[in-house]
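Student: For reference, the chains in residue letters:
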Amino acid sequence: MANFSYRFSIYNITEALNQGEKVDLDALMADLSSIEQELGTSGTKPSGGSMALLGLTDTKLKQKPPAGHSSRQQPVGGGGWGSRGAIGSRVSPAGTAREASRQGRPPLASNFSLDDITAQLEKASLSMDEAACETSSNPLSSSSSSSTTLRAGSSQRQHRRTGSVGTVSEGEVRSFIHSSRSSITSASGGSVNSASSMDSLDSVLHAESGRQQAAVPPLADGGGQPRSNTEHSYLDKETSLILRNIAGKPSHLLTKEEQAAKLKAENIRVALEKIKEAQVKKLVIRVHLSDESSKTMMVDERQTVRQVLDSLLDKSHCGYSSDWSLVEAITELQMERIFEDHENLVENLLNWTRDSQNRIMFTERVEKYALFKNPQNYLLGRKETCEMPERNKEALLEECFGGTSVSVPEMEGVLWLKEDGKKSWKKRYFLLRASGIYYVPKGKAKTSRDLACFLQLDHVNVYLGQEYKSKYKAPTDYCMVLKHPQIQKKSQYIKYLCCDDIRTLQQWINSIRIAKYGKQLYINFQEASRKSEAAYDWTSLSSSSIKSGSSSSSLPDSQSNSSQSDSGVSEMISSGHTRSQSVVSSVFSDAWRRGTQGEMKIDSISRPIPVQIPAPFPQPSTSPSRSSLPDSLVRSEDSCPPHLLCPLPPRQTRPTPRAPPPPM
Amino acid sequence: MAAWDLSVIVEDLGADAPPITISVASDLHIGGVILKLVEKMQIKRDWSDHALWWEQKQRWLLRTAWTLEKCEVHADARLIFMPQHKPLKLGLPNGLTLKLRACFSNPVFQTVMGICRLLSIRHPEELSLLRPVEEKKKKKDKDLSEDIYDLTEVPLSSVSRPCLYNGMPAHFADSDKLEAVYKMLSVTQPLPAPEAIAKQYRPASVVDKAHINGRWLDSSRCLMQQGVKENDRLWLRFKFFSFYDIDPKYDVVRVTQLYEQARWAILLEDIDCTEEEMMLFGSLQYHISKVSQSEPQMLCSSAALDDLETALQSLEVKMEGESSSASELLKTMTAPELNDYLKIFRPKRLTLKGYKQYWFKFQDTSISYFKSKEESIGEPIQQINLKGCEVAPDVNVAAQKFLIKLLIPAPEGMNEVYLRCENEQQYAEWMAACRLASKGKSLADSTFQSEIDSIRSFLAMQKTNGSQGHADAGDESINPHSLVSPRYHKKYKPKQLTPRILDAYQNVAQLSLTDALMRFLQIWQALPDFGLSYVVVRFKGSRKDEVLGIAPNRLIRIDLGVGDVVKTWRYNNMKQWNVNWDIKQVAIEFEGNVNIAFSCLTADCKIVHEYIGGYIFMSTRSREKSDVLNEELFHKLTGGHEAL
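Read top to bottom, the protein sequences are chains A and B.
Final position of the first sequence in my numbering is 812; the numbers increase by one with none missing.
Final position of the second sequence in my numbering is 672; the numbers increase by one with none missing.
I should point out that these hints are in silico values taken from the structure, not numbers from a laboratory.
Don't take every hint at face value.
[Unchecked claim] When the alpha-carbon atoms are kept at most 30 Å apart in a straight line, the in silico DSSO-like pairs for lysine-lysine are as follows:
hint : chain 1 : residue 1 : chain 2 : residue 2
1    : A       : K590      : B       : K523
2    : B       : K72       : A       : K637
3    : B       : K72       : B       : K371
[Claimed, not checked] Facing chain A, a subset of chain B residues (Cβ under 10 Å, in silico):
hint : residue
4    : D104
5    : I108
6    : F266
7    : S270
8    : C301
9    : Q524
10   : N535
11   : P580
12   : D592
[What the hints assert, rightly or not] Residues of chain A placed beyond 10 Å of chain B at every Cβ, according to the derived structure:
hint : residue
13   : D448
14   : T533
15   : V554
16   : G561
17   : A582
18   : D649
19   : Q668
20   : I671
21   : R678
We put the CB at the ideal spot given by N, CA and C, even for glycine.
Between the sequences and the hints, there should be enough to build the whole structure, so can you do that?
Tutor: This is the structure:
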């Protein structure tokens with residue numbers, strides 16, 4: 149079982165502390181907030197590169213240290229001090245162990261100059277040291293917040309304590325530099341895991357909170373001080389009483405005492421928030437760009453994919469198209485998935501195994517929001533691509549996503565299903581419903597009640613399979629995969645479906661996304677396009693300067709971005725990814741080119757001839773001819789005698805929700 | 029002008045009373061006629077609601093300023109002087125009957141508006157009246173003694189402006205009796221007995237479903253004109269399945285009745301769904317009935333609290349302080365644990381060994397197990413994190429089988445693990461813990477206890493069934509057959525059904541009443557066949573009957589032989605439609621020179637016309653002007669020849 153409790157270490161420290169000395173709560177809190185400060189400063193350092201960690205950092209590791217270093221075996225008797233020291237020393241072997249595991253791996257090409265990295269690492273370590281010093285010397289602002297409960301002598305202890313935090317993080321930084329440097333020297337291009345200093349800081353924090361928790365019983369048992377209500381809140385009785393009385397009162401009417409109480413409560417609240425903040429899990433990730441270069445950045449567990457994308461876009465100056473995506477590539481299974489904007493990135497990355505070859509890619513993907521740019525190709529259940537005036541698209545989207553419930557596109561048809569554990573693919577008639585994917589059992593009709601449930605969508609994600617023709621002998625290369633996000637290796641619980649053509653595949657994938665995420669998908673799109681529109685002016689102005697400043701030369705800047713309809717997708721995905729992806733994408737871009745042209749902000753000059761022959765395109769009615777009654781008596785059928793006509797509404801075109809009521 | 033005698037029957041005097049004759053001239057206006065009539069009767073009372081009904085012409089003389097001449101009333105006219113509002117027995121979506129006074133003189137559209145105002149249902153344009161399906165009286169006159177809720181006393185004037193009193197519209201707050209009516213309207217009905225479901229008429233085919241749509245009343249004509257008499261029975265139903273701006277806060281009655289209509293549509297297989305969906309609907313019904321019984325005041329009180337916004341705010345301040353307090357933080361740190369001996373079995377491993385007993389510890393979101401209690405201080409044999417796993421029950425109370433089936437995702441695939449509990453209590457606790465852990469919540473989560481309770485209550489349900497206790501055994505017991513359509517009564521025994529519903533139930537057990545109702549409606553609306561009203565039609569040039577399905581956004585053509593959708597037309601592409609009232613044919617023109625024409629067989633073409641126009645009307649509603657109902661537009665879109 150790979151998953152152990154993340155809080156494993158806390159409890160042990162608690163145990164240790166329970167037997168140790170009495171600990172002052174307030175001092176602890178002060179400690180915590182100071183650590184938080186430190187975290188804040190190092191976390192917001194502008195260039196993600198300064199945290200020179202590669203690949204996905206595996207937080208699980210600290211729960212699974214190499215043999216002999218289990219946190220259970222920490223010295224217990226020493227009380228708070230001992231346990232903290234134990235944590236500090238515990239993590240560095242973890243890093244080294246990792247290093248060892250790394251060495252056997254064949255080196256891969258990397259664009260990093262080793263010197264650069266070393267310099268960056270040096271810088272990182274400096275900044276960490278700085279941070280540590282800061283913590284130890286800083287008078288703690290939030291300690292005053294709980295000043296009323298401060299006890300004599302605690303301030304001194306507090307100082308010593310913070311000092312020790314500094315040491316811990318220093319030790320941490322060293323170990324982490326060590327491990328990451330070694331992994332760079334071995335030039336492993338895959339995702340390298342190494343313990344992050346943030347993690348270890350986290351664990352220190354956990355330790356702190358553990359101590360805090362341990363501190364409560366002695367206080368309560370102490371008996372000397374009547375502080376029974378500390379069990380419920382930091383506020384003393386008096387303060388909370390005052391607070392209760394003044395609830396809802398405007399601030400200028402408060403007495404001095406009351407204001408003080410309020411301030412106190414506020415300060416405590418802030419301090420607590422900071423504690424929470426400090427507990428936030430952070431990962432250092434490596435994001436691969438389309439040109440085989442990569443960026444390293446830190447994400448915290450609260451960040452959505454959208455937020456990460458935004459910060460990547462800010463940093464890389466590559467234009468703000470809403471197509472920019474974070475793509476999870478599961479190398480071992482040859483599949484990939486575009487993360488949805490609302491998803492939590494860290495949560496997804498934690499599903500990866502420790503020695504995972506998976507990558508996160510930062511590329512432009514037309515298919516991410518093609519669904520909203522050309523809804524007519526996805527929502528109408530049609531077999532052929534067609535054009536639609538913008539106005540109608542909007543109405544169609546509003547119709548599908550604007551209501552109280554989202555209607556799932558009517559997707560059904562014959563797909564190939566890879567049989568469990570076999571190499572053969574079998575044809576089955578599949579249907580998509582909001583409640584899941586169904587198939588028609590043999591000899592049964594297509595009626596709802598006879599359908600057999602293939603799978604429900606709550607626990608699975610839909611992935612794009614790559615080159616399954618050769619890997620799994622699939623009938624075509626247009627495959628999708630449904631699996632639980634945690635599954636990373638071959639398993640009977642992974643379902644493989646194969647479509648006849650790219651269009652069907654994309655329709656299925658997008659329809660499944662609608663069924664799974666519903667309105668959220670539309671909200672994501674709206675936000676993404678809002679952002680890209682807002683940024684567009686700026687990028688178009690400064691595109692030339694960006695080109696030179698961009699870290700990677702072939703990075704699509706705003707110009708190549710806007711001429712995307714020309715280049716197609718295949719160009720954006722660089723030669724490094726010459727797997728099926730580019731093949732699929734080029735086919736895909738052909739099929740979708742026509743559709744995407746409409747949205748391009750700068751129209752291309754040399755437009756390739758559309759692959760599909762357009763369906764008889766309905767003449768867009770030039771301004772809805774909502775004319776007077778005589779005009780409205782136009783008949784559509786000869787059989788209707790004029791006097792019996794009921795022309796309602798007169799030549800009304802598209803009664804969209806937005807359209808004004810037709811005048812009669 | 030010459031005076032002539034006009035005899036008027038006054039309905040209030042009784043059927044046998046002779047008509048009252050008054051002397052009128054042709055230039056006398058209707059108001060004058062009424063005045064003369066009242067003067068002659070010399071009965072002092074409020075006649076303001078009364079008006080003249082011209083029986084031969086089947087129309088009301090409502091324009092008091094018009095003269096008799098203009099109305100073409102002559103001496104031979106049989107006029108009846110009667111109230112415009114008369115009692116009507118209204119079958120509600122929840123199956124109960126409500127007696128109220130409805131307007132018999134205005135178009136049905138306005139009558140429905142009045143009824144909805146009385147019942148405090150917003151957006152009356154989505155509802156309409158239809159003639160009930162005749163119930164076959166099987167010599168059982170017991171049904172005649174059904175409870176009829178009476179709202180006829182409510183003075184019409186008081187309903188004009190809805191204001192809340194005690195969490196309900198003021199006109200319901202006058203007496204206990206009226207409060208009971210409001211409760212009936214705003215609280216979901218208890219689960220029906222399986223026999224009651226089985227007894228009701230169920231459409232067996234699309235054609236059967238089409239017949240009900242022939243019963244809708246014409247929205248543009250009044251009740252009197254459509255032959256509806258005083259005290260007649262009509263059904264009030266949601267007709268247009270395009271529900272605008274549902275807000276549980278303001279739509280208590282609307283949501284409740286919508287739920288009832290949806291529930292019955294599913295129970296009676298009016299709308300098809302898969303077995304999985306049926307189980308989910310069943311679990312939601314169970315949950316809703318349970319929650320609404322345990323806290324019947326919830327919906328009301330939430331509205332009542334509206335007035336106490338200040339109180340809420342101060343509460344919020346308090347809560348905020350508390351929730352982020354250190355104590356809570358500490359509490360999550362010292363997460364409570366479960367410790368017990370359980371038996372474990374891994375079906376995937378190729379071992380012949382069965383269940384093996386270990387000492388289990390549930391902490392945070394993980395299970396770890398040890399050889400024995402004594403060894404639990406050391407390293408566990410294994411620790412399993414349940415976050416993201418699937419939890420399924422396998423319980424048979426009668427056989428004392430309490431299994432928790434876990435499907436735990438791991439990089440290598442899913443691991444199957446069965447945990448066997450000894451008794452109900454143990455099972456409920458561990459099951460609740462597993463469910464919470466699968467959602468990433470620890471035992472410290474506030475929902476832990478309620479989760480335990482809901483599992484136990486569900487076990488109780490199985491217990492009553494398992495011990496051969498029938499529905500009559502006790503009123504506490506619930507027969508799972510009450511939750512699903514009769515098709516599944518035959519397919520599954522109650523005790524087979526319970527675990528399946530329980531399975532679906534775990535995903536909804538934590539929903540509040542409002543959320544559960546909304547979820548039910550959402551899933552209903554997400555069914556592929558949702559919102560389809562069927563009419564049997566004959567397309568022009570076709571020799572066979574086909575079915576036209578009218579949906580909120582499209583028309584579909586269904587082949588009766590295959591049952592498949594042959595063609596879909598969307599209103600968005602519609603250019604115009606015409607109705608030939610003589611040959612009862614509807615002709616529609618779509619963009620791209622697509623013309624279709626069909627005659628309607630199971631419903632009047634006015635009904636089809638009204639459906640199409642109605643849906644187009646529904647789509648014109650927008651948030652900005654949602655308060656005002658554009659009655660005129662509705663009439664124009666649906667009125668037909670009356671509108672010209």
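Student: It remains to establish, for every hint, whether it holds in the given structure.
Tutor: Results for each hint:
no.	hint	verdict
1	K590/A x K523/B	holds, 28 Å
2	K72/B x K637/A	violated, 90 Å
3	K72/B x K371/B	violated, 85 Å
4	D104	violated, 30 Å
5	I108	violated, 32 Å
6	F266	violated, 13 Å
7	S270	holds, 8 Å
8	C301	holds, 6 Å
9	Q524	violated, 17 Å
10	N535	holds, 8 Å
11	P580	holds, 9 Å
12	D592	holds, 7 Å
13	D448	holds, 17 Å
14	T533	holds, 16 Å
15	V554	violated, 7 Å
16	G561	holds, 13 Å
17	A582	violated, 3 Å
18	D649	holds, 22 Å
19	Q668	holds, 14 Å
20	I671	holds, 16 Å
21	R678	holds, 20 Å
Consistency note: the structure conflicts with the earlier hints numbered 2, 3, 4, 5, 6, 9, 15, 17.
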